[in-house]
Amino acid sequence: MIGGLGKMNRMLLAGVCAVALLATGVTAAKAGDDSEDLDLKVKWKGAPEFSSKDGAFKFKVRGRIMVDYTSADQDFAITGEPDINATELRRGRLGAEGVVYHDVKYKFEYDFAGDGEVTDAYLEYTGLPVSIILGQYKTPNSLEELTSSRFITFMERAAITDAFDLERQLGAGLSYKKEQWTAAAGIFGTNIDDEAPDEGTTFAARVTAAPILTDRKVVHLGASYRGRDNGDPEDLGLYEYRQRGADFHLTDRFVDTGEIGESDDLFGLEGAVVLGSFSVQGEYMQLTSEVPADIDFTTHSPTYDGWYVSASWFITGEMRNYDEGEFDRVKVNRPVFEGGPGAWQIAGRYDTIDLSEGGCEECGEQNTWLIGLNWHLNDYTRLMLNVNQSHIEGGVNDGADITGVGMRAQVDW
Amino acid sequence: MIGGLGKMNRMLLAGVCAVALLATGVTAAKAGDDSEDLDLKVKWKGAPEFSSKDGAFKFKVRGRIMVDYTSADQDFAITGEPDINATELRRGRLGAEGVVYHDVKYKFEYDFAGDGEVTDAYLEYTGLPVSIILGQYKTPNSLEELTSSRFITFMERAAITDAFDLERQLGAGLSYKKEQWTAAAGIFGTNIDDEAPDEGTTFAARVTAAPILTDRKVVHLGASYRGRDNGDPEDLGLYEYRQRGADFHLTDRFVDTGEIGESDDLFGLEGAVVLGSFSVQGEYMQLTSEVPADIDFTTHSPTYDGWYVSASWFITGEMRNYDEGEFDRVKVNRPVFEGGPGAWQIAGRYDTIDLSEGGCEECGEQNTWLIGLNWHLNDYTRLMLNVNQSHIEGGVNDGADITGVGMRAQVDW
Amino acid sequence: MIGGLGKMNRMLLAGVCAVALLATGVTAAKAGDDSEDLDLKVKWKGAPEFSSKDGAFKFKVRGRIMVDYTSADQDFAITGEPDINATELRRGRLGAEGVVYHDVKYKFEYDFAGDGEVTDAYLEYTGLPVSIILGQYKTPNSLEELTSSRFITFMERAAITDAFDLERQLGAGLSYKKEQWTAAAGIFGTNIDDEAPDEGTTFAARVTAAPILTDRKVVHLGASYRGRDNGDPEDLGLYEYRQRGADFHLTDRFVDTGEIGESDDLFGLEGAVVLGSFSVQGEYMQLTSEVPADIDFTTHSPTYDGWYVSASWFITGEMRNYDEGEFDRVKVNRPVFEGGPGAWQIAGRYDTIDLSEGGCEECGEQNTWLIGLNWHLNDYTRLMLNVNQSHIEGGVNDGADITGVGMRAQVDW
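Protein chains in written order, with our numbering: chain S, 1 to 413; chain P, 1001 to 1413; chain A, 2001 to 2413.
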């Protein structure tokens, strides 16, 4: 077919072009090598998440800033507590997370706000269908508690999470997560900050299901349990149940059982529905505490409970982002840049905690209304405005109303 | 023109070379794709500043180490305070800064030295001509205070900055910066470390101009104001004005008004001239404090003032680097590597603070001479040597001379 | 040779192929430029170590998590101390290290465990054959102390290191390291946490040699000295020598001289042999303390000593990794991934500390047996199990046996 071209010519042509190929191949390969040498991938998640090309290693710095201003009237006439007019670094965290060789994840974070505390400090083995977690992390209880402070709808979580002392504890746990259901259980000592020769034991477990889970619709159901035994009560003191006025962080506590519990059992039920930009969420929790005989209490197995219901709507069309039994980062449709409005969310919550059994001085019930407005400038930044009012029933603060306004500027990376 | 080459041959040639082109093109494109995939840019600023290619995201870890040795004679015969002979971690900071989506910057840093404290913790919206800052940062007062501790000429700032309590406070501010002039104002609560139900309010503002600003010449002029009101004085205590002997960090305080102020007004004037490797800088500040009637003071509106003048010269030819109303990092001409000498700077300062009104025990005046020698090994490392002497006039320490030597090794990233 | 191809044809061929070359060359060069623009190299060392292409700058974030569970019987009948049953964050560190311009290295790290402390905080000039170090780092004493807590064989170091107060101190030092021998010396003030007007002076030095050093064989020998003088004893208090029961971190101290020393001299000898996966290590230390006349002690120059011998064997064939006078990270042959077993190490130690001179209440001797099992999942993760027993001789706790089990999960980056 090559006809008029002689053998020599064909060889020459092939040769010259081979050289061309080779030369450019070498050049290209060199360029290729260069970028091959750089064993690096990057995903921007606020800060960059770096990983090696084979995924054996990952690393990301993480952090968050939340700065607040709170103004509140604590009903001085009844409670004797003054007005609040204060700024606060609510959270200022820095930490790191990563993977060291395929199956071993770690996370370490410190909160520099207030007196400072280690938050997450654990390693997780992910090489089995069920993850194994060793270290300090949140006991598996409550949708509200497990949702990161970066992603909760109001400035502070519902009363039950603080009143019943949901927190990170140091222990060993298992976690199984599928898109539509999750199960987790663990056995724990205390939080890192609570040091004692005998720490006692905490056991906690949670199961959740999302029977409906589509792009714009979620139905979430869950139940959890936590049982704590305080070891030698002389070491750690007794458990105390209490909550701050109007669910703010800087107000005082007007319902407070005092230190009474040497062990307790907590049961919780949770549910949430997301319908596009609209969502509803609620939880009920009941705790029974064992009170030692030498404490002056009208019952030695008091039962406390509380619940909340919250609803929110994104005016700008975004939706709360459900991910394996928790709420995750909201993706802003049109961030504030080149005319984007950001995401605007309005929300309301009714929140009640009943600590009235036992007849102590501040044994009472607190009912709180909250209205919230959130402006997400982008996926990592939001401004929050909360207007809250609590009404106290029972105890020495009976009839008190705590009312206030809170503002937050938040960024995370 | 192609004459003797037949159509087939021409087609063949085109075909073969097309294959060559294609093949190499594919290879090259692949290499190109690879580096395109890595959405990453890097600038080395001590530590790397990473950014996404579109600049929507940036991230940099930041930190500094300053280790000091101080030897000082505190004039025991008069003051009763012993000699100083001590090492110190003067600053040990770690933090992060970045951009999350174009217009939102953040900065968070913690100083682990001493008892530890959060330094900067803010987010800044840069999408408007005027920046909006929310969080904790330095109130806009004083060239000396606003210049980073990494770039000040002497180991410690001039007396006025500490005596009049210039510091970071948590608030909201505006900042406008042009090459030749700047304006900033903010409204603040207290520093994060000062917690109180009622924090009062601080207002601060500053304007600066650089009427002359060329490559090797700068004239800087500025004025600032700060007004503080201590809210409920029972919450935070009263303001105290005082300064350490010889402007060292480890000496004791020999001029000290005690806690007296429930509000105060501070005015400041500042100027600086850079002429190549030579520079002069000076400031004057005056503060009037309101003292409650129940404090035993000879006047209830005492006025304090202070000023300093400093001069420095880079023997090796570098210059102080002026940037929008502050001094920034010195660029070393020939760093210490392969025979480079680094940058050598000599400097002197006269520094006075007059806290003598009011007739309190340590109400007095402190005048200080400082001589400094700085050796910048490179842009991020320097060794400092300071020889300082203070003379006290008035109060119980009248006539005391505090004399000492300080040394610092500093690195930042 | 080109015969049958006409000149025009040859020119055409050359031209077309030149275009091909050029085109692909340009493309390739462009790809090359792109990766050239990114002035970045990366090495994965848990977290990525970034560097500029010319090596002038390096940067790496570093950190470690060690979470422990300890259960111990403290022989209540004799010592009066209760059982231990507790979790703990033993170490939770975050820091940074890097190079700023070729010859200046730095390292800064903070340990958030317990009350928190700055660990390393120094800069190092490496442009001379002998390194110059300024800042806080470990005084050059003891193979066991100088080996990172990430790489020691047992959960806690041998008794001599704590009893004789080996720690980081802030100072200036020289270090010379060759593959087969090292020498280091420094002059120090106190640890950053110990603040005092007069810190006194510490001098320390160490030499080591590795006369045999092959791929699978190491013989290490070393000697060190440390002399401390406590400056003004009123400032810092006196030196105290003591050790916790069974070398655990959460047990109480049953041998304890109380605060007695105003100065002391410490001599140490060390040796280690690695024979493939088997290794032996031992040290002897002797300390003489000067006790002030006004302290009720039977001798005012008591001499204390202690020693340990440990042996370990990697069942899975790994070896302890010797590097310039210290032990370094173990390289796991087959990490836990796709069926790898990780590295399994068994170890034993005998450990004794004799603080019996002086006739104080708890002046006594503690002898401890330890058995350890370590499972390295990969180079950066390990689980540890220790079974320890101490026997006390002398003092008020004479005859007491402290026995316990410790477990640790460790990850570093």
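Source of the hints: derived by calculation from the structure; they are not laboratory data. Keep in mind it's a predicted model, so treat the numbers as computed, not measured. One thing to keep in mind: the hints can contain errors.
Heads up, simulated SDA-like pairs for lysine to any residue below, C-alpha to C-alpha not over 20 Å straight-line [as the list claims (entries may be wrong)]:
| # | chain 1 | residue 1 | chain 2 | residue 2 |
| --- | --- | --- | --- | --- |
| 1 | P | Lys1045 | A | Asp2039 |
| 2 | S | Lys43 | A | Lys2041 |
| 3 | A | Lys2105 | P | Leu1269 |
| 4 | S | Lys105 | A | Gly2339 |
| 5 | P | Lys1041 | A | Tyr2284 |
| 6 | P | Lys1045 | A | Val2042 |
| 7 | S | Lys43 | A | Lys2043 |
| 8 | P | Lys1043 | A | Tyr2101 |
| 9 | S | Lys105 | A | Gly2340 |
| 10 | S | Lys43 | A | Leu2038 |
| 11 | A | Lys2138 | A | Gly2340 |
| 12 | P | Lys1053 | A | Lys2138 |
Taking the hints in turn, this is what the structure says about them:
no.	hint	result
1	P:Lys1045 x A:Asp2039	12 Å, holds
2	S:Lys43 x A:Lys2041	17 Å, holds
3	A:Lys2105 x P:Leu1269	40 Å, violated
4	S:Lys105 x A:Gly2339	18 Å, holds
5	P:Lys1041 x A:Tyr2284	53 Å, violated
6	P:Lys1045 x A:Val2042	17 Å, holds
7	S:Lys43 x A:Lys2043	18 Å, holds
8	P:Lys1043 x A:Tyr2101	14 Å, holds
9	S:Lys105 x A:Gly2340	17 Å, holds
10	S:Lys43 x A:Leu2038	16 Å, holds
11	A:Lys2138 x A:Gly2340	36 Å, violated
12	P:Lys1053 x A:Lys2138	42 Å, violated
Hint violations for this structure: numbers 3, 5, 11 and 12, all remaining hints satisfied.
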